[in-house]
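Could you put together the complete structure from these sequences and hints?
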Amino acid sequence: MIDKNNPSQFNQSAEKTMRIIEFLAENNRPMRLIDIAGNLSLNTSTTLRFINTLTELGYIEQESNSSKYYLTYKICSISNKIYSKTSLRDIVNPYLRNLARQAGESACLAIEQSRQVVYIDVADGPDQMVKGMQRIGNIAPMHCTGIGKLLLLNYTESELDDLIARKGLTKYTDNTIVTKEQLLEELKKVREAGYAFDNEECEIGARCIAFPIYDFTHKIIAGFSITGPINRISDNFIKNHIPFMKSISVEISGKLSA
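Number 125 in the working numbering belongs to position 125 of the sequence shown; there are no gaps in the numbering.
If you're looking for bench data, these hints aren't it; they were derived computationally from the structure. As the structure is a prediction and not an experimental result, all values here were calculated from the model. Just to be clear, a hint being listed does not mean it is correct.
[Claimed, not checked] Below, a list of computed lysine-lysine pairs in the DSS-like style, where the Cα atoms sit at most 30 Å apart:
#	residue 1	residue 2
1	Lys239	Lys74
2	Lys167	Lys255
3	Lys189	Lys171
4	Lys167	Lys219
5	Lys188	Lys167
6	Lys180	Lys219
[What the hints assert, rightly or not] Restraint ranges, calculated between C-beta atoms of paired labels, are given here:
#	residue 1	residue 2	range
7	Glu63	Glu157	14 to 24 Å
8	Asp161	Thr217	15 to 25 Å
9	Ile34	Asp174	37 to 47 Å
10	Asp162	Ile139	17 to 27 Å
11	Gly254	Gln102	17 to 27 Å
12	Ile34	Ile204	14 to 24 Å
The C-beta atom is built at its ideal place from N, Cα and C for all residues, glycine as well.
The structure is reproduced here in structure tokens:
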């Protein structure tokens, strides 16, 4: 048994740092310094010192307009190295590998973190360009990626306004959605179809089709996609793979709801 009062066995600074990380992760929203400190029974100066350290290391960011703090995607670079028997990635990985093998293209799994898409698993396809875009731990914008659009279906309009205010709708190609009106229209199509596309919106020459993964509350918690060069991800290719990808979506979501 570790003696918490023995400095040679237990470091209280490390404990406080982890409590801050866990608190922000559990709340999953930007928090004020005074609320973080109060909930953890820490004084604000101590809390700020630990937060400043985590900010410097890239694990926490501060909102410019509200001075609230939130965890960044960088924490995912640690968590995605950890496999557990019940993790989302463990459940989805066999499907990803099968999909990549059957489609002959890269297949990936991604979630939302800090209003960005974070890739947590990739089954490599043969195209080197696409491999470079999607690696575990990489991030991508929400508004111009297939999985990002699916995850945006969880957003209310006010939350969407907040995302646009904070992140903007950056133009990456001539096909990128750059206005709220365009985004709302696109999300309407995605909701009706049940899947989403990225038609050279994030990267010239790359196209993807993405399907959602639901939890037991029917909330979209992740998405998976096939990505490849636009000359290979043709309309006919997409038509042929929609039924298979839809069946994967239903099967994985069913496992998560069981």
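These are the hints, each one checked on the structure:
no.: 1; hint: Lys239 x Lys74; result: violated, 36 Å
no.: 2; hint: Lys167 x Lys255; result: violated, 33 Å
no.: 3; hint: Lys189 x Lys171; result: holds, 20 Å
no.: 4; hint: Lys167 x Lys219; result: holds, 23 Å
no.: 5; hint: Lys188 x Lys167; result: holds, 21 Å
no.: 6; hint: Lys180 x Lys219; result: holds, 23 Å
no.: 7; hint: Glu63 x Glu157: 14 to 24 Å; result: holds, 20 Å
no.: 8; hint: Asp161 x Thr217: 15 to 25 Å; result: holds, 24 Å
no.: 9; hint: Ile34 x Asp174: 37 to 47 Å; result: holds, 46 Å
no.: 10; hint: Asp162 x Ile139: 17 to 27 Å; result: holds, 19 Å
no.: 11; hint: Gly254 x Gln102: 17 to 27 Å; result: holds, 20 Å
no.: 12; hint: Ile34 x Ile204: 14 to 24 Å; result: violated, 46 Å
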